[in-house]
Structure formats: structure tokens, C-alpha cells
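Colleague: Protein chains in written order, with the numbering used here: chain A, 1 to 100; chain B, 1 to 100.
Honestly, the hints are just simulated from the structure, not real lab data.
Hints are supplied without guarantee of correctness; some may be wrong.
For chains that are exact copies, the list does not tell them apart, and a pair is met inside one copy or across any two.
Restricting the straight-line Cα-Cα distance to at most 20 Å, the calculated cross-link-like pairs of lysine to any residue (SDA-like) are [unchecked claim]:
| hint | residue 1 | residue 2 |
| --- | --- | --- |
| 1 | K42 | N98 |
| 2 | K74 | S39 |
| 3 | K68 | N58 |
| 4 | K81 | L59 |
| 5 | K42 | V89 |
| 6 | K20 | F96 |
| 7 | K74 | H91 |
| 8 | K11 | E63 |
| 9 | K20 | V64 |
| 10 | K42 | K68 |
| 11 | K68 | N98 |
| 12 | K36 | D84 |
| 13 | K74 | R46 |
| 14 | K76 | R49 |
| 15 | K11 | N58 |
| 16 | K42 | Y72 |
| 17 | K20 | S30 |
| 18 | K42 | E93 |
| 19 | K36 | E97 |
| 20 | K42 | Q57 |
| 21 | K42 | N55 |
| 22 | K74 | E45 |
| 23 | K42 | L78 |
| 24 | K42 | E97 |
| 25 | K42 | A6 |
| 26 | K42 | P87 |
There are 2 protein chains.
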Amino acid sequence: MILEVAILDVKNGLEINFEKDFTLASQYISAAIGYKGHSLQKCMERSSRYILLVNWQNLDSHEVGFRKSIEYEKWKALLHKYYDPFPTVEHYETVFENNI
Amino acid sequence: MILEVAILDVKNGLEINFEKDFTLASQYISAAIGYKGHSLQKCMERSSRYILLVNWQNLDSHEVGFRKSIEYEKWKALLHKYYDPFPTVEHYETVFENNI
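Construct the entire structure; sequences and hints are all you get.
Modeller: In C-alpha cells:
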């Protein structure tokens with residue numbers, strides 16, 4: 001399992017629309033093979049900043065399976081217009097974990 | 001519940017030492033009141049980058065409870081020497097979540 005991480009800076013004033021469209025778009029990412037859950041979280045220090053966290057089976061589930069799908073085109077059409085700057089996406093693997 | 005997020009850039013060549021000291025230091029953060037779990041994850045695109053994710057009961061659990069504790073001094077003594085640049089820490093609240 002890997003974690004996709006993207007810090008999303010949304011254009012000022014569009015936060016509520018973005019959150020609504022994110023909820024709609026979630027159906028497209030959730031349908032991908034190898035998708036293992038995701039969350040959108042809002043920054044407490046900067047009101048137009050969010051973090052997207054997505055669990056994937058492996059890197060290809062995201063970069064090939066999802067990004068080359070029709071669902072990704074629908075995700076993009078709903079969400080990409082909100083970002084400024086366009087976000088950098090990174091992937092992470094667990095080194096240490098303690099869940100209580 | 002809130003999520004603390006810090007992107008950690010570790011000095012080149014010190015990654016293995018950092019990971020060992022992080023495991024040691026984890027006992028100090030885990031002892032804090034309001035601590036709800038944490039993970040350290042390593043970036044697949046940049047080998048000296050990590051992300052620290054910590055779940056806290058609320059902002060004060062982190063900023064007052066932990067940061068003003070003796071345990072935080074021990075955490076700092078083990079870990080702060082590894083970072084370049086010194087990381088920015090942000091806190092996030094869930095907007096949307098789908099765990100499968």
C-alpha cells in the first residue's frame with residue numbers, strides 16, 4: 001500500500017464550490033482498481049489550503065490505472081480549475097506507524 | 001480529531017540514522033495526552049523526503065500539551081538536527097473521508 005499526497009491551494013473564494021465538486025468527483029477516484037480510500041482535509045492555518053491523501057494498492061494503481069482512465073478525465077474536469085498553483089503530487093511508503 | 005502534517009527533508013546521507021532515531025523518539029510523542037496515532041512515510045520521488053502525520057484530539061493537544069512537555073524536548077533532541085530546511089508544520093481538519 002502507498003499513500004498519494006497532494007497539497008492543494010484553491011483559488012480564494014472558491015473553497016465552498018471546490019468542496020462540493022470534490023465530493024462529486026470522489027465517485028470517480030473511488031471506482032479505480034487498486035483504490036484503498038481517500039480523504040480531503042482543510043488546513044487550519046491557511047483557509048484556502050487542503051491536503052488530499054489517497055491510499056493505493058501500488059504506484060501503478062494511481063499512475064496507470066487511474067490516470068489513464070475515463071474516470072480521471074471526469075475528476076480533472078471537475079477539480080483542476082480550482083488549483084493555483086497546480087499541485088505537485090508525491091507518493092509515500094510507510095516507515096513507521098502507530099495507530100491507537 | 002485533527003491531523004498534523006509536516007514534510008520533512010532530511011540531510012543527504014542521514015536517512016537511515018533519522019529513521020532509527022524517529023523510532024526511538026516515537027515513544028515521546030506517543031505518551032502525549034490527546035495523541036491518537038502517527039506515521040512516518042518515505043517519499044518515492046525524493047529519497048531524503050518524508051511526511052510525518054500525527055492524529056491529535058485537538059490543536060491544543062499538540063501545541064500546548066506536547067510542545068510544552070519534557071517529552072517534546074527529548075523528541076527535539078533526537079530529531080531536529082536532521083532537517084534541512086527546518087519543516088513547516090500545519091494542521092488539518094477532515095472535509096471528506098472514504099475508508100474502505
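Colleague: The structure should be examined with respect to each hint, and the outcome stated for every one.
Modeller: Right, here's what the structure says about each hint:
1. Only between protomers do K42 and N98 lie at most 20 Å apart by alpha-carbon distance; the minimum there is 15 Å, versus 23 Å within a single protomer.
2. Proximity of K74 and S39 under a CA criterion of 20 Å is satisfied intra-copy only: 18 Å inside one chain copy versus 32 Å between copies.
3. For the homomeric pair K68 and N58, the shortest alpha-carbon distance inside one copy (15 Å) is at most 20 Å, but the shortest distance between copies (39 Å) is not.
4. In this homomeric assembly, K81 and L59 never come within 20 Å of each other (Cα to Cα): the closest approach is 25 Å inside a single copy and 31 Å across copies.
5. Taking the shortest alpha-carbon separations for K42 and V89, both the intra-copy value of 17 Å and the inter-copy value of 14 Å come in at or below 20 Å.
6. Taking the shortest Cα distances, K20 and F96 sit within 20 Å of each other only across copies (10 Å), while inside one copy they are farther apart (34 Å).
7. In this assembly of identical chains, K74 and H91 lie within 20 Å of each other by CA distance neither inside one copy nor across copies; the values are 22 Å within and 30 Å between.
8. In this assembly of identical chains, the alpha carbons of K11 and E63 never lie at most 20 Å apart, being 26 Å within a copy and 28 Å across copies at closest.
9. For a Cα distance limit of 20 Å, the shortest separation of K20 from V64 qualifies neither inside one copy, at 27 Å, nor across copies, at 34 Å.
10. With identical chains, the CA atoms of K42 and K68 are never at most 20 Å apart, being 28 Å at best within one copy and 25 Å at best between copies.
11. Taking the shortest alpha-carbon separations for K68 and N98, neither the intra-copy value of 34 Å nor the inter-copy value of 22 Å comes in at or below 20 Å.
12. In this homomeric assembly, K36 and D84 never come within 20 Å of each other (Cα to Cα): the closest approach is 27 Å inside a single copy and 32 Å across copies.
13. Taking identical chains as interchangeable, the C-alpha atoms of K74 and R46 are never at most 20 Å apart, the minima being 28 Å within one chain and 29 Å between chains.
14. Taking CA atoms no more than 20 Å apart as the test, K76 paired with R49 passes inside one copy only; the shortest distance there is 18 Å, against 27 Å between copies.
15. Proximity of K11 to N58 under the C-alpha cut-off of 20 Å is found in neither arrangement, the shortest distances being 31 Å within a copy and 27 Å between copies.
16. Within a single copy, K42 and Y72 get their C-alpha atoms no closer than 22 Å, and across copies no closer than 26 Å, so neither meets the 20 Å cut-off.
17. Taking CA atoms no more than 20 Å apart as the test, K20 paired with S30 passes inside one copy only; the shortest distance there is 16 Å, against 35 Å between copies.
18. In this assembly of identical chains, the alpha carbons of K42 and E93 lie at most 20 Å apart only when taken from different copies (5 Å versus 23 Å within one copy).
19. With identical chains, the CA atoms of K36 and E97 are at most 20 Å apart both within one copy (17 Å) and between copies (12 Å).
20. Taking identical chains as interchangeable, the C-alpha atoms of K42 and Q57 lie at most 20 Å apart only when they sit on different chains, with a minimum of 16 Å there against 25 Å within one chain.
21. In this assembly of identical chains, K42 and N55 lie within 20 Å of each other by CA distance both inside one copy and across copies; the values are 18 Å within and 14 Å between.
22. With identical chains, the CA atoms of K74 and E45 are never at most 20 Å apart, being 30 Å at best within one copy and 26 Å at best between copies.
23. For a Cα distance limit of 20 Å, the shortest separation of K42 from L78 inside one copy, 18 Å, qualifies, whereas the shortest one across copies, 30 Å, does not.
24. In the homo-oligomer, the alpha carbons of K42 and E97 lie at most 20 Å apart only across protomers (12 Å), although the nearest pairing inside one protomer, at 23 Å, exceeds that limit.
25. In the homo-oligomer, the alpha carbons of K42 and A6 lie at most 20 Å apart both inside one protomer (12 Å) and across protomers (14 Å), since each shortest distance falls under that limit.
26. Proximity of K42 and P87 under a CA criterion of 20 Å is satisfied in both settings, with 15 Å inside one chain copy and 19 Å between copies.
In the structure shown, a violation is registered for the earlier hints numbered 4, 7, 8, 9, 10, 11, 12, 13, 15, 16, 22, in ascending order.
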